[in-house]
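Chains as they are written, first to last, in the UniProt record's numbering: chain A, 1 to 303; chain B, 1 to 303.
The hints are simulated quantities; they were obtained by calculation from the structure and are not laboratory data. From a predicted model like this one, the values you see are computed outputs, not experimental measurements. Errors might be hidden in some of the hints.
[Unchecked claim] From the derived model, a few chain A residues whose C-beta atoms are all more than 10 Å from chain B: (1) 125; (2) 253; (3) 296.
[Said to hold, decoys possible] Below, in silico cross-link-like pairs of lysine-lysine (DSBU-like), each with a Cα-Cα straight-line distance of 30 Å or less: (4) A/296 with B/291; (5) B/187 with B/296; (6) B/291 with A/156; (7) A/291 with B/296; (8) A/246 with B/254; (9) A/291 with B/254; (10) A/187 with B/244; (11) B/202 with B/136; (12) B/246 with B/187; (13) A/202 with A/187; (14) B/187 with B/202; (15) A/156 with A/136; (16) B/170 with B/254; (17) A/291 with B/202; (18) A/136 with B/291; (19) B/254 with B/156; (20) A/202 with B/156.
All residues carry an ideal CB built from backbone N, CA and C; glycine is no exception.
Number of protein chains: 2
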Amino acid sequence: MQSTFSGGFSISLLCRTLFVGSDSRSIRGHNNTFDILSRICIQKHTPINKRRYKSMASHEKMEYTILSKSSWRQRSNGCCNTEWMTMSQFLDHLENPQAGSVFYIQRQNSNFTEDFPELISDVPPDIPWATESFGKLPDAVNIWMGDERAVTSMHKDPYENIYCVISGEKDFLLHPPTDRPYIPYGKYPAAVYKESSPGQWKINPMNIDTPKVLQESESDNEESNLVPWIRVDPLHPDNTRYPKYKNTRTLRVKVQEGDMLYLPSLWFHHVRQSQACLALNYWYDMEYDIKYAYFKALETLCE
Amino acid sequence: MQSTFSGGFSISLLCRTLFVGSDSRSIRGHNNTFDILSRICIQKHTPINKRRYKSMASHEKMEYTILSKSSWRQRSNGCCNTEWMTMSQFLDHLENPQAGSVFYIQRQNSNFTEDFPELISDVPPDIPWATESFGKLPDAVNIWMGDERAVTSMHKDPYENIYCVISGEKDFLLHPPTDRPYIPYGKYPAAVYKESSPGQWKINPMNIDTPKVLQESESDNEESNLVPWIRVDPLHPDNTRYPKYKNTRTLRVKVQEGDMLYLPSLWFHHVRQSQACLALNYWYDMEYDIKYAYFKALETLCE
């Protein structure tokens, strides 16, 4: 593996520099990410999501919500295997992108602490001001690294999110949760991409004979083979199909190396990144308080 | 004036007993309110709201929202005078209620500190735990005393409300602000009661030639001679006219002597009281934060 990025700092120093100090926005990381990861983890086999660009795709004239392999595994109680590759292979793919195949470390569920135990001591276990503010420790620390074509479609999370970019940059497009009435949701059958041959992907609809598993999913959906998904592409909104969407209020935030973004729970977000951007985020469980009750009341009115 | 209530404690001791201690609910006041008020304030001329029972009334086949004299004065920039009587007269009325006339000290706008300066030193200027929690001092300290027939119709306030009953009891009927979609609002022309002869009241529609003043009112109403009012009587709801109201979730709270109720901002409340109940409340300005944004989003969907 050849790296176009090099530098004299360890990831430990990067993270400590990133997180210590009253104004993390004024502190930048350094572009030695590839070097460090390849040195520490090059022979490590790492779970990777392979997927195509869009999280929504058509197949035989039908639209599907495309789940990642990891969420498919969660939903289907282990019937599918996550794909693995070495960090060396992964970094090679990032340096030499191939048409059609998009790789992204984004397994969530605290994949930083679960999948990269070698790096745990380099990173603080929590963000002290956030832990004090939220009155709890984070539920998860996630690591994100991948292809610039890996765009995360608009969604919301039930977590207070402290998002830290270590190298590269991320572009967040945000709507407040009070814009829920203007966000067009649809319910679609779920599918996963399957690599039929190297670089060739086909839609693989989920087996609708597994309703029990789906009923336990986050969709809270009685029609359990359907998954809610936000239809609109905020970068190219279809104002004819989704006329209310233009009522949303939009914030655009570029999070650069050394920046830390507090993304409050239930805010809608769409995320892009620079090629091989490396980021960590801390998920603090949200409070199911009057704010959540308000959100559910809004949601009920929208349904 | 004759008083059926007597006791050995001053209002000062009552209030200090009420407010000091970790569990104010376990501490009761004493029934010497009449005695104390008559001793301190008997010759004092005090602004009193005279009004009839209902805050909604019909006149010539039209329904009106009945404003109190004080709010009418606020809205009309001083064109009407508040009525005054001595505390002695007021207490006599409470002891000998007359059909048709209902008297209530409820001017708000910090009427405790404005109208009863003699008693200020008897009462703490704020509630320390609330001041710490809300990060500010109260905007107003109000005193409430009156006829058991003076029922306050369902409404909400933009204040965090710490409600302290000194003697007697109050019955609160509460709905959370997330029930806004089920609360039937109407918009009605405003009126005040006018005492045409002692004990005889007539509806006096407000002059609709004063739109400027009304445009500045809290109604935020472009059709500025109309005032929003919650139509339903929660004690006898008309399920045929307001079928959604049955979806509300109701809390009933009896606040007794020595009890302190925290009534959060924007909660809907309907209030009854025992005859000659005496209460103080502290209004802390609400935060216009995400909760307020949620409420306004709900309200927008309901309009």
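message = Checking each numbered hint in turn, tell me which of them this model violates, lowest number first.
response = Hints 3, 8, 11, 17, 20 are the ones this structure does not satisfy, whereas the remaining hints hold.
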